[in-house]
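Residue numbers (the numbering used here), protein chains in the order written: chain A, 142 to 568; chain B, 2 to 359.
If you are wondering where the hints come from, they were derived from the structure by calculation, not from laboratory data.
Small disclaimer: the values here were computed from a predicted structure and weren't measured.
From the three backbone atoms N, C-alpha and C, an ideal C-beta is built for every residue, glycine too.
Any given hint could be a false lead.
Below, simulated DMTMM-like cross-link-like pairs (lysine to aspartate or glutamate); rule was C-alpha separation at most 25 Å, straight line [unchecked claim]:
1) A:Lys271 with B:Glu168
2) A:Lys271 with A:Asp562
3) B:Lys94 with A:Asp483
4) A:Lys271 with B:Glu180
5) B:Lys94 with A:Asp562
6) B:Lys94 with A:Glu506
7) B:Lys94 with A:Asp421
The following residues of chain B were derived to be distant from chain A, with all beta-carbon distances above 10 Å [what the hints assert, rightly or not]:
8) Asp9
9) Trp184
10) Val308
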Amino acid sequence: MKKTIFGAAVAAVMAAAPALADLTIVDTSYRTGPYAANGIPFSDGYQDYFTLLNQRDGGIGGEMINLVECETGYNTEKGVECYEATKGEGALVYQPLSTGITYQLIPKATADGIPLHTMGYGRTSAKNGKVFEWVFNYPANYWDGASHAVTHILDQNDGDISGKTIALVYHNSAYGKEPIRTLEGLAEKHGFDLTLLPVDHPGQEQKSQWLQIRREKPDNVIMWGWGVMNQVAIQEAVNIRYPMENFIGVWWSGSENDVKAAGDRADGYKALTFHNIGSDYPLYADIQTHVVETGNAAGAGDQIGSVLYNRGMYAAMLAAEAIKTAQEIHGTAAINAAQMRDGMENLEITEEKMAALGLPNFGPEFKVSCENHGGNGFGAVSQWDAEAGEFTLITEYFQSDQEVLAPLVAEDSQAFAEENDIEMRCN
Amino acid sequence: MFYREAGDFKTSYVEDGQTFPIKFDRFRYYAVLIAAFAVVPFFVNDYWVNAVFLPFLIYSIAAIGLNILVGYCGQVSLGTGGFMAVGAYACYKLMTAFPDVNILFHVILSGGVTAAVCVLFGLPSLRIKGFYLAVATLAAQFFLVWLFNRVGWFYNYSASGQINAPERTVFGVPVTGAETAPWAAYLFCLVFTVVCAILARNLTRGMAGRKWMAIRDMDIAAEIIGVNPLRAKLTAFMISGFFVGIAGALFFAVYLGAVEVGEVFGINKSFLVLFMVIIGGLGSIFGSFAGAAFLVLLPVLLKNVLVGTLGWPTDLAAHLEFVIVGGLIVIFLIAEPHGLAQLWRVAKEKLRLWPFPH
Numbered sequence: 142m143k144k145t146i147f148g149a150a151v152a153a154v155m156a157a158a159p160a161l162a163d164l165t166i167v168d169t170s171y172r173t174g175p176y177a178a179n180g181i182p183f184s185d186g187y188q189d190y191f192t193l194l195n196q197r198d199g200g201i202g203g204e205m206i207n208l209v210e211c212e213t214g215y216n217t218e219k220g221v222e223c224y225e226a227t228k229g230e231g232a233l234v235y236q237p238l239s240t241g242i243t244y245q246l247i248p249k250a251t252a253d254g255i256p257l258h259t260m261g262y263g264r265t266s267a268k269n270g271k272v273f274e275w276v277f278n279y280p281a282n283y284w285d286g287a288s289h290a291v292t293h294i295l296d297q298n299d300g301d302i303s304g305k306t307i308a309l310v311y312h313n314s315a316y317g318k319e320p321i322r323t324l325e326g327l328a329e330k331h332g333f334d335l336t337l338l339p340v341d342h343p344g345q346e347q348k349s350q351w352l353q354i355r356r357e358k359p360d361n362v363i364m365w366g367w368g369v370m371n372q373v374a375i376q377e378a379v380n381i382r383y384p385m386e387n388f389i390g391v392w393w394s395g396s397e398n399d400v401k402a403a404g405d406r407a408d409g410y411k412a413l414t415f416h417n418i419g420s421d422y423p424l425y426a427d428i429q430t431h432v433v434e435t436g437n438a439a440g441a442g443d444q445i446g447s448v449l450y451n452r453g454m455y456a457a458m459l460a461a462e463a464i465k466t467a468q469e470i471h472g473t474a475a476i477n478a479a480q481m482r483d484g485m486e487n488l489e490i491t492e493e494k495m496a497a498l499g500l501p502n503f504g505p506e507f508k509v510s511c512e513n514h515g516g517n518g519f520g521a522v523s524q525w526d527a528e529a530g531e532f533t534l535i536t537e538y539f540q541s542d543q544e545v546l547a548p549l550v551a552e553d554s555q556a557f558a559e560e561n562d563i564e565m566r567c568n
Numbered sequence: 002m003f004y005r006e007a008g009d010f011k012t013s014y015v016e017d018g019q020t021f022p023i024k025f026d027r028f029r030y031y032a033v034l035i036a037a038f039a040v041v042p043f044f045v046n047d048y049w050v051n052a053v054f055l056p057f058l059i060y061s062i063a064a065i066g067l068n069i070l071v072g073y074c075g076q077v078s079l080g081t082g083g084f085m086a087v088g089a090y091a092c093y094k095l096m097t098a099f100p101d102v103n104i105l106f107h108v109i110l111s112g113g114v115t116a117a118v119c120v121l122f123g124l125p126s127l128r129i130k131g132f133y134l135a136v137a138t139l140a141a142q143f144f145l146v147w148l149f150n151r152v153g154w155f156y157n158y159s160a161s162g163q164i165n166a167p168e169r170t171v172f173g174v175p176v177t178g179a180e181t182a183p184w185a186a187y188l189f190c191l192v193f194t195v196v197c198a199i200l201a202r203n204l205t206r207g208m209a210g211r212k213w214m215a216i217r218d219m220d221i222a223a224e225i226i227g228v229n230p231l232r233a234k235l236t237a238f239m240i241s242g243f244f245v246g247i248a249g250a251l252f253f254a255v256y257l258g259a260v261e262v263g264e265v266f267g268i269n270k271s272f273l274v275l276f277m278v279i280i281g282g283l284g285s286i287f288g289s290f291a292g293a294a295f296l297v298l299l300p301v302l303l304k305n306v307l308v309g310t311l312g313w314p315t316d317l318a319a320h321l322e323f324v325i326v327g328g329l330i331v332i333f334l335i336a337e338p339h340g341l342a343q344l345w346r347v348a349k350e351k352l353r354l355w356p357f358p359h
């Protein structure tokens, strides 16, 4: 009885699904749960950029964008449900914004032939396009991030950090464990000691980890956190009076809502980033006129210009540029997922392109190729200014230590290829 | 009218002792089985299998397992998530260590491993009861999750700490991995669910089940009439662990394919399965299915109706979903504390007399 009602309801839903002619973009967002504080701005930025293209330019190449949102709650089961529910609508690319969901989707999306773009998260070795045909993680990945943090610490210490201690406070999940391998490699190269401090999901309880930091006084703390874990960690660091300028978060631990709760004493906290910060770009004027003022802003519309909003918008921009590239290659406006993949693989982001889009100097230049799905690994360090209430870039974009990373990527992707009997491409 | 016993004479013990003594009930059961095995596989797609059928079937097995422990034997357990993790990791280790052995045996063996672990954690039940036992099993939950996160051997030292199910086939048809056809995954889980349900049903009707129920109703009285509490309690933990382990193995290998222990088998999972058992009805196999259906299908249905049909914002729908499901749970427990199974029983009583109640 219950099943028949259910069946009828779902059948009705499926019948009501929109036509497949548009360019379908799925936004697997999370606006609920312990990670919502970070999920909302990213999703708003991602959606607003596509809304802008629809409102201002009438879509991309004359094809309107059909934006489908699906709530995952950062939960893998719901993520799978979202993927299965939306893939039939002709989704061009998935941006799950969750390393756990990414791991689920890599085999599924590869089998279904739908590209995944895991920008700055997900499986790092997906950078190797020879093995991961359908997965892209440009412009930077976790291992780049780990290297950026260490390079920055090196710069602060005149290039010598042997004998120093660096503690890694990380989310005890696939996401948080990703940088460990690289940091171990870097520790060997530069001679520092690495202390690992895992924090369990969702990360509200970190007293013992910070007690240990207080006792052992590591010279630097690197954090791999997300959601409520970030706020708690920064608050705890403030509580034990840890010098904030020695505390560096990955790009997922560096948004305004992570530091604001800790008040003035969070001043000086550093976070990595692979794109620029603030809303001082011509594109934001367009967003204001075409999206906000027409009442089409996603969510509450109060996130515009925040770090994660910018990142979501940046992800959408990269997706839109890949669509344009795909349209050029295949000479058709209504591309499908396989053509989208070609567009992503031939994507090239240059300064002129970004300036033309109204985002001058917004991110690093990079070029995707068949072998390299991960860009060049450029990133920068930003610092929190509590008084002004904003992050500012304190370094130029610099490249990660490819000498250490390249063999690790090759090794990990090789293992995956052997496990799954994947033949190398791009020969 | 439908559930008439009048005229339905039994002439042998076998007939008298069958699972569904009422003819209509029996034929309905056969009809469900035929539909599930011979009709549904031809009509399912990826969405139906991955969002509806697999979670329903797998949670049903877990709920049956927990129901044996909580509903039949009266031993409260909050360790279901941890025990499912044992099944999942056992399955993963077996799959990677013995790639040539059929996945079918791996899943059954994972159940066996979980049964052993479950007995180990069931030992305190001989000394402590009720809420105190619940706390002891809660310790199992946290310990097991911590163990699988901490010790690299369990996840074969993979960099991410995740376990990924490699492709395995049954009769040449892949049932795990990305290339699995929806019908294959569905049938694989369905076979396990049906066998587990039949097994559980017959166990609970036999001597073992009667001993468990005696322990549940009053353990001292049970001991006096000759039930060995040690054996009764530990067999309940063992059988329960076996089913929960199978559910965990299927959850990992067939349904998700990649698992991160803290997120998938956390304390939430323990509560979810416990809620299924309570809402479905303690001490009822049908109740396990009803509870699993209620808690798996209702959120998906609500989401599809609110977001898909009505076009509401996803965050509003997600929050409302919590409110509606939570509210329904409270209403159900007030209106019918014995769960959905009791509603079904009452309906059957009514149907027996309908349409001439006097």
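These are the hints, each one checked on the structure:
This hinted pair checks out: Lys271 (chain A) and Glu168 (chain B) have alpha carbons roughly 21 Å apart, not beyond 25 Å. At most 25 Å may separate the alpha-carbon atoms for a hinted pair to count; Lys271 (chain A) and Asp562 (chain A) meet this at roughly 13 Å. At roughly 37 Å between alpha-carbon atoms, Lys94 (chain B) and Asp483 (chain A) are farther apart than 25 Å, so this suggested pair is violated. This hinted pair checks out: Lys271 (chain A) and Glu180 (chain B) have alpha carbons roughly 20 Å apart, not beyond 25 Å.
Pair hint Lys94 (chain B) plus Asp562 (chain A) holds up; C-alpha atoms about 19 Å apart against a cutoff of 25 Å. Pair hint Lys94 (chain B) plus Glu506 (chain A) does not hold up; C-alpha atoms about 44 Å apart against a cutoff of 25 Å. A distance of roughly 53 Å separates the Cα atoms of Lys94 (chain B) and Asp421 (chain A); the hinted pair therefore is violated under the 25 Å criterion. At the 10 Å boundary, the C-beta of Asp9 (chain B) stays outside the reach of chain A, the nearest C-beta of that chain being 25 Å off.
Distance to chain A confirms Trp184 (chain B) as a non-interface residue, since its nearest Cβ pair spans about 15 Å, more than 10 Å. Some Cβ of chain A comes within 10 Å of the Cβ of Val308 (chain B); the nearest lies about 8 Å off, and the non-interface call is violated.
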